Amino acid sequence: MTNPVTFSVICPTYNRSVRILPTLRSVLAQTVGDWELLVLSDGSDDDTVEVVSALAQTDDRIRVFELERSGHPSGPRQEGLRRARGSHIAYLDHDDVWRPDHLAWLRTLFADEADGADWAATGYRAVDDSGAVVRSSAWWDMCWHPELQILDPLFEPSRVAHRRGLPESVGGWVVTSGLEDWDLWFRLTQAGHRVRTTTARTVSVFEGAGTRRYGVGPRHLANLLVTPDARVAKRIRDALSDPEVGRALKEASREDSRRRMARLGASPLYVAPLASAEVPEPDPDPVIADGYRGPQPVIVPHRGQFALAVPVYCSTAAHAERLGELLRSHATAQVQVLRGLEQRFSPAAL
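If you're matching positions, the sequence shown starts at 1 in this note's numbering and goes up one per residue.
Certain hints may be false.
Pairs of lysine to any residue residues, derived as SDA-like cross-links and limited to a Cα-Cα distance of at most 20 Å, are as follows [to be verified]:
| id | residue 1 | residue 2 |
| --- | --- | --- |
| 1 | K250 | P284 |
| 2 | K250 | A266 |
| 3 | K234 | F206 |
| 4 | K250 | R237 |
| 5 | K234 | G340 |
| 6 | K234 | H330 |
| 7 | K250 | D238 |
| 8 | K234 | G304 |
| 9 | K250 | G304 |
| 10 | K250 | L326 |
| 11 | K250 | G131 |
| 12 | K234 | G217 |
| 13 | K234 | R164 |
| 14 | K234 | I299 |
| 15 | K234 | F345 |
| 16 | K234 | Q296 |
| 17 | K250 | D152 |
| 18 | K250 | V337 |
For each label pair, taking beta carbons as the anchor points, the in silico distance ranges come out as [said to hold, decoys possible]:
| id | residue 1 | residue 2 | range |
| --- | --- | --- | --- |
| 19 | G131 | Q190 | 36 to 46 Å |
| 20 | G265 | S53 | 14 to 24 Å |
| 21 | L240 | R263 | 23 to 33 Å |
| 22 | A104 | E66 | 23 to 33 Å |
| 23 | E251 | S329 | 12 to 22 Å |
| 24 | E66 | S87 | 23 to 33 Å |
| 25 | G304 | R25 | 56 to 66 Å |
Simulated from the structure, these hints should not be mistaken for lab results.
From a predicted model like this one, the values you see are computed outputs, not experimental measurements.
Built from N, CA and C at the ideal position, the CB exists for glycine as well.
Starting from the given sequences, assemble the full structure and let the hints guide the process.
This is how it looks when you write it as structure tokens:
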């Protein structure tokens with residue numbers, strides 16, 4: 001390879017065989033050609049390496065590496081960073097597919113040096129086992145602020161690129177019990193690195209039942225409400241299944257969402273996405289969530305009292321604590337509903 005490389009594309013894989021070909025061909029189909037593709041086999045014991053090597057014979061921009069089995073994508077990604085030649089790094093999971101203009105959009109996002117963006121992300125379409133689109137990113141999904149990044153993973157790796165050396169500056173890809181991509185984005189955010197985004201849906205993200213996202217369980221808790229009485233905490237938790245309470249929380253969530261986006265939108269750290277033909281402008285109503293949709297809250301002891309807490313998928317206790325602080329401050333209307341339940345179920349009211 002003699003031409004300069006802008007994008008080093010890192011693709012970790014394990015026992016994907018010929019099913020990896022649509023993913024790799026989506027890189028070959030890019031409208032820009034100054035890329036290299038690093039496919040890192042994490043100890044595959046099928047014919048994956050042979051399949052990729054055969055494709056590499058047709059294009060010397062494809063490089064194949066056989067690694068010892070680590071059982072976690074962070075290892076191959078970190079090795080990919082070590083071997084990358086490009087000025088920018090992009091990621092592609094072995095079951096996702098890029099649209100031909102994906103790297104072109106990333107190039108656009110990085111083009112304005114004065115903007116100071118260190119990493120970038122594009123929109124997506126989520127597809128199921130049948131190939132049907134089950135969800136697509138909207139305008140508000142692509143808005144960014146440090147607080148939003150702490151609260152939510154926001155971007156799958158296949159949608160993200162960054163300047164060379166960025167992960168290494170915050171400790172690199174780490175093997176974690178939670179979502180390793182969220183962990184890295186969180187550390188980049190804590191270090192003050194800025195992101196640019198676009199509404200262009202350039203990535204098809206596979207969300208089949210066998211994907212790793214369904215095998216990663218929550219390891220930490222974020223407190224929603226703390227009360228001195230365990231019986232009150234239990235009654236509040238049980239009341240969450242009441243349809244009337246559910247409707248109140250949903251409306252409170254919408255109110256919280258509007259307030260949150262209005263406040264963050266006035267911040268100098270807020271990033272609005274670069275518009276695309278698919279999503280040229282925001283919906284006038286910035287509602288990006290309809291209430292908590294994760295694991296059900298649990299009751300845990302907390303400093304001599306009892307907390308109603310939700311399991312979260314972040315990797316560290318420090319992240320979980322910060323997430324809990326922001327969750328409570330962002331969800332004031334929802335917390336008010338919970339406080340109303342606390343008053344209703346207090347011993348004095350019964």
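Outcome of the hint check:
1. K250 to P284: holds (19 Å)
2. K250 to A266: violated (25 Å)
3. K234 to F206: At roughly 38 Å apart (the allowed maximum being 20 Å), F206 and K234 break the hint.
4. K250 to R237: At roughly 16 Å apart (the allowed maximum being 20 Å), R237 and K250 satisfy the hint.
5. K234 to G340: holds (14 Å)
6. K234 to H330: Judged against 20 Å, a Cα distance of about 24 Å means the pair is violated.
7. K250 to D238: Since the Cα atoms of K250 and D238 sit roughly 17 Å apart, the hinted pair holds (cutoff 20 Å).
8. K234 to G304: holds (16 Å)
9. K250 to G304: violated (31 Å)
10. K250 to L326: Satisfied, since the Cα-Cα distance of roughly 18 Å is no more than 20 Å.
11. K250 to G131: Distance of about 31 Å is beyond 20 Å: violated.
12. K234 to G217: violated (23 Å)
13. K234 to R164: With a Cα-Cα distance of about 50 Å, the restraint between K234 and R164 is violated, given a limit of 20 Å.
14. K234 to I299: This hinted pair holds, its Cα atoms lying about 7 Å apart.
15. K234 to F345: Roughly 10 Å separates the two Cα atoms, so the pair holds.
16. K234 to Q296: Between K234 and Q296 the Cα gap is close to 12 Å, so the pair holds against 20 Å.
17. K250 to D152: Status holds; Cα separation ~18 Å.
18. K250 to V337: holds (10 Å)
19. G131 to Q190: 36 to 46 Å: holds (38 Å)
20. G265 to S53: 14 to 24 Å: Hint violated: Cβ distance 49 Å, outside 14 to 24 Å.
21. L240 to R263: 23 to 33 Å: holds (26 Å)
22. A104 to E66: 23 to 33 Å: Between A104 and E66, where Cβ atoms are some 31 Å apart, the hint holds.
23. E251 to S329: 12 to 22 Å: About 19 Å separates the Cβ atoms of E251 and S329, which means 12 to 22 Å holds.
24. E66 to S87: 23 to 33 Å: holds (26 Å)
25. G304 to R25: 56 to 66 Å: Given a distance of about 59 Å, which is inside 56 to 66 Å, the answer is holds.
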